[in-house]
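The listed protein sequences correspond, in order, to chains A and B. Its first residue numbered 1, the first sequence is counted upward by one per residue in this note's numbering. Its first residue numbered 1, the second sequence is counted upward by one per residue in this note's numbering.
Rather than coming from a laboratory, the hints here were simulated on the basis of the structure. No experiment lies behind these values; they were computed from the predicted model shown. It is possible that some hints are incorrect.
If you want a taste of the chain A side facing chain B, the calculated C-beta under 7 Å gives, among others [to be verified]: (1) 56; (2) 58; (3) 59; (4) 65; (5) 70; (6) 181; (7) 182; (8) 199; (9) 247; (10) 379; (11) 408; (12) 414; (13) 415.
Simulated pairs of lysine-lysine, DSSO-like, Cα-Cα distance not exceeding 27 Å [unchecked claim]: (14) B:70 - A:62; (15) A:425 - A:339; (16) B:203 - B:11; (17) B:158 - A:463; (18) B:80 - A:52; (19) A:305 - A:130.
To be clear about the criterion: a stretch of chain B counts as covered by chain A if any three or more of its residues have a C-beta under 8 Å from a C-beta of chain A, and this derived list gives those stretches [claimed, not checked]: (20) 26 to 35; (21) 83 to 89; (22) 101 to 111; (23) 114 to 126; (24) 201 to 210.
Glycine is no exception: its CB is placed at the ideal position from the N, C-alpha and C atoms.
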Amino acid sequence: MKRDKIIIANRGEIAIRIMRACRQLGLDYVVVYTEEDRHSGHVRAATVEKGKGAAFKIANYKDPNEIFAVADHCGATAVHPGYGFFSEDFRFARRAAARNRPITFIGPRWEVIRDLGSKINTKRIAKALKIPVIPGSDEPIYSELEAESLAEDLFQKQREDGVKRPSILVKASAGGGGMGIEEVTHLDVFRQVYRRIQNYAKRQFGDEGVLIEQCMKDYHHLEVQLLCSRHKEVVHFGTRNCTIQSTGRQKRVEVAPGFDPDYVAYPFDAQKVLDQIVEYSIRLAKEVEYDNVGTWEWIVTRDGKPYLLEVNTRIQVENEISACISRISRYKGPVNLIKEQIRTALGEKLRYSQKHVSFEGTSIELRIVAEDVKRGFAPWCGTITRFEFRQEPWLRVYSHVPQDEPYEIPTEYDPNLALAIVWGKDTEEAKTRAKEFLLNTNIEGKDNLGRPIVTNLQYLYRKVDDILRFV
Amino acid sequence: MEINLKDLLKKYKSHPYEDHEIRTPHTGVVHINVEDGQEVSGPTGLWNHRPGTLLYVLEREGNPKHITSKYTGFVTKLRKELDGSFVQAGEPVMLIRHRLNKEEIIDRILREVLYIFPAPQRARYFFTPEVSAAMEKDKKKAINLKEGDEILIMSLMKRDTLLSYEGPAGVLYKVYFKHGDLMEQGTPLLGICSPERLPFVEKMIQRIRTEWDD
Chain A
1 MKRDKIIIAN RGEIAIRIMR ACRQLGLDYV VVYTEEDRHS GHVRAATVEK GKGAAFKIAN
61 YKDPNEIFAV ADHCGATAVH PGYGFFSEDF RFARRAAARN RPITFIGPRW EVIRDLGSKI
121 NTKRIAKALK IPVIPGSDEP IYSELEAESL AEDLFQKQRE DGVKRPSILV KASAGGGGMG
181 IEEVTHLDVF RQVYRRIQNY AKRQFGDEGV LIEQCMKDYH HLEVQLLCSR HKEVVHFGTR
241 NCTIQSTGRQ KRVEVAPGFD PDYVAYPFDA QKVLDQIVEY SIRLAKEVEY DNVGTWEWIV
301 TRDGKPYLLE VNTRIQVENE ISACISRISR YKGPVNLIKE QIRTALGEKL RYSQKHVSFE
361 GTSIELRIVA EDVKRGFAPW CGTITRFEFR QEPWLRVYSH VPQDEPYEIP TEYDPNLALA
421 IVWGKDTEEA KTRAKEFLLN TNIEGKDNLG RPIVTNLQYL YRKVDDILRF V
Chain B
1 MEINLKDLLK KYKSHPYEDH EIRTPHTGVV HINVEDGQEV SGPTGLWNHR PGTLLYVLER
61 EGNPKHITSK YTGFVTKLRK ELDGSFVQAG EPVMLIRHRL NKEEIIDRIL REVLYIFPAP
121 QRARYFFTPE VSAAMEKDKK KAINLKEGDE ILIMSLMKRD TLLSYEGPAG VLYKVYFKHG
181 DLMEQGTPLL GICSPERLPF VEKMIQRIRT EWDD
């Protein structure tokens, strides 16, 4: 493993975290970047540590030929896709494995990505294993008439179930990360929304397939973090709660563990539900012989009913809050799930089992984004002139925004600025610390008309009070 | 808006050139095919179907990409030292000094005559499905625009925003982008001509055609 060299096929803070994991494992790495990202912190960090030859300018992060050409040129033996881009692209993973000069894809086997990458297929496998799933289509719909008929059935079913304001979700089948989803509350506007999502899906993903499912209201969005090896070992790193999201269903505040009965009195047995979703997730992972890190996404309704949403066959943005509350008795120091992901992808055994994993405290992730919360979370474009926060022993901040020079936010990508990971011995302490961090963070900047920067710092401050509660 | 066509033509006549930097579109190994100072031609044929002079070959993943000249002119500032080496995306390889022809002069001057609707942000732009369909259905039919008409989709940071037209009512005379192009902030997207100005624009084009010698 020490001889492996990783090409990091991603950008921003995740590239920085992968670099850190490589460093801890003693692995060499190279990064790639686009013209728009030339001032990004990940490029600077790589060139400072490894020299100019460690950063390659490419045309596009989404062009596999670019990644493989640079991999060959610099002798990389493995590719880390991060999240987004190629992380859940089974064709990319298959090509990495099948080319004349194979390189290791740091993620699950391509067959697993293919089978679980499709929400529809996941739903089918889950149903067969008696794992609860959300009512709706279990294959992409391309016909407007078929879509409308299913929508009608779903509205009818909700009325029969006594749902006061029935609604459905129309989703781009090939989408993910909350993009390309709209809610429909009346059947008479369904066609209009269907056409809009179909157009969006065609433009963004090249596939106009659409999914339709019942829109669950009043629920919490939970996740189960699994780590599996190529040697059929399965370990879980607990649960997370990702309920606080923007209107576009982009996560903004995440908490580990997923529920905390010592902090909130739930109208159901919270620990039992957490154990249940972990058990279901492991059941599915074993069925498909899952072999890397993965996240099982769940929704849990106010009455404590869990439904499997999807499986993300990659490292998640929020992985570190799970790592932050996890302790491995055979390990010294903090858990690093990206490091574990690389190790297992390169064929190593875990060297520990579930009985060696314990949990301590609460961790909160805050996603700092340049966006106008009051205008529907509209992204803000401009130049950041000041980005400062106070260093604390209970805090980790990951950002590609330089702290010593102006930084123009590229309009090609999400306007995410930083991730802050806070730990506390219990939820109350984690909350207090999260607020303290936000109060001591300063971000300044201007757009091209000279107007001051807009960020979500105040929104995050308000939302910290809502964590883990059904509000 | 008053346009002094005589002065404009004089300006272009004194320096009728544009320099085009030729950069690598992606990574790969470069094999240069031209010399410094060499004359090169752009695409030719009725539909520009015959490619221009081969400038260099960029080989990536065993696939050679033939980069041909999009402009007629001559090669300057050729970076011969790149020949045979692996380059990153966006690496400058040469400049092509191109002499503007009659149609290009018309295009440049039109930008000063038409009302230009610029890109509000650096983003990708698309016509709305309704406008696209109308253009597709009858390519010759004029598209009339008035303030508030939803005409474009701006795709920025993975979010789509509908753009309404802002400016004087008129006919969509010129489109400066291709479906889904990434356009810099402030660059022209659409050129609009008011109905009363149309005869003047047509006359101006006629005059340039007569006066400009290719």
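### Task
Go check the segment 26 to 35 of chain B versus chain A for me, would you? Three or more residues, Cβ under 8 Å, otherwise it fails.
holds (count 3)
#### Entry: Satisfaction of the residue 408 (chain A) interface hint, Cβ to chain B closer than 7 Å
10 Å, violated
### Message
Please check whether residue 181 (chain A) passes as an interface residue: C-beta within 7 Å of a C-beta belonging to chain B.
### Response
12 Å, violated
### Query
Given the proposed pairing of residue 158 (chain B) with residue 463 (chain A), does the C-alpha separation stay at or below 27 Å?
25 Å, holds
### Task
Grab the minimum C-beta distance from residue 199 (chain A) to chain B and call the hint holds if it beats 7 Å, violated otherwise.
6 Å, holds
### Query
Between residue 203 (chain B) and residue 11 (chain B), does the CA-CA distance stay at or below 27 Å?
Distance of about 20 Å is within 27 Å: holds.
#### Entry: Verdict on chain A covering the segment 101 to 111 of chain B, criterion of 3 CB contacts below 8 Å
violated (count 0)
### Hint validity - residue 247 (chain A) Cβ closer than 7 Å to any chain B Cβ
Residue 247 (chain A) check fails; min Cβ-Cβ to chain B is 11 Å, beyond 7 Å.
### Message
Holds or violated: the hint that residue 59 (chain A) contacts chain B, with Cβ atoms closer than 7 Å.
### Response
Given a least distance of 4 Å, the restraint on residue 59 (chain A) holds.
### Query
Does residue 58 (chain A) pass the interface check with chain B, least Cβ-Cβ distance below 7 Å?
At 5 Å from the nearest chain B Cβ, residue 58 (chain A) passes the 7 Å test, so the hint holds.
### Message
Quick check on residue 70 (chain A) please, does its C-beta sit within 7 Å of some C-beta on chain B?
### Response
This hint holds: residue 70 (chain A) lies near chain B, its Cβ roughly 6 Å from the closest one there, short of 7 Å.
### Query
Given the proposed pairing of residue 305 (chain A) with residue 130 (chain A), does the C-alpha separation stay at or below 27 Å?
Answer holds: residue 305 (chain A) to residue 130 (chain A) is near 14 Å, not above 27 Å.
Violated hints for the displayed structure, listed by number in ascending order: 6, 7, 9, 11, 22, 24.
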